[in-house]
Amino acid sequence: MELDKSLIGLTGPQFIFEVEKRHIRQFAEAIGDPNPLYVDEEYAKSTVYGGIIAPPSFPVAIGADSGQGIDLPLDYSRMLHGEQEFIYNRPIRLGDRLYCQMKVTNVYEREGKSGTMQFLVMDTEMKDEAGELVVINRTNIIYRALASNKA
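Each residue of the sequence shown is one higher than the last, beginning at 3 in my numbering.
Hints were generated in silico from the structure; no laboratory data involved.
Source: prediction; values computed, not measured.
Ideal placement from N, C-alpha and C gives every residue a C-beta, glycine not left out.
Be a bit skeptical, because a hint or two may be false.
[To be verified] Taking CB as the label site, the calculated pair distances span:
no., residue 1, residue 2, range
1, Ile144, Asn37, 27 to 33 Å
2, Ile144, Val41, 32 to 38 Å
3, Ile144, Val50, 37 to 43 Å
4, Pro75, Ala132, 31 to 37 Å
5, Tyr101, Asp42, 24 to 30 Å
6, Ser79, Ala132, 36 to 42 Å
7, Gly11, Leu82, 22 to 28 Å
8, Glu85, Glu31, 24 to 30 Å
9, Arg146, Gly52, 44 to 50 Å
Turn these sequences into a full structure, and let the hints guide you.
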């Protein structure tokens, strides 16, 4: 199946992610960022944030193993990660309970060197317990054309 605009608006099930200290610490270690804002409670309390926050790219890890994506009728072997963007309203904080849901927000085409390329944009909105938007994790997927059989 090729991408088409009918995919826009498809949503996955909502899931909850509870931000724990070990999640933030392990992520900071994995990306090699020793910033004390992510691990040192005393230091973090003395900053404008008033406590531990997650690194800016942390949303990429939320839901990675939840199995709560969107079941799209696509050939996943043709999908390539194109771009990642994080749109913040506020930092993710230790103890946040995030209500997350993935949604297809755009499908478009662009001409490339080897022909038309298709793109799929999926947003995962993450809201706090009050329903306020914390961050959007935007993923842009490149959907490769089918390989042609050349004789």
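Exercise for review: List in ascending order the numbers of the hints, as given earlier, that are violated by the structure.
Suggested key: Checked against the structure, no hint fails, so every one of them is satisfied.
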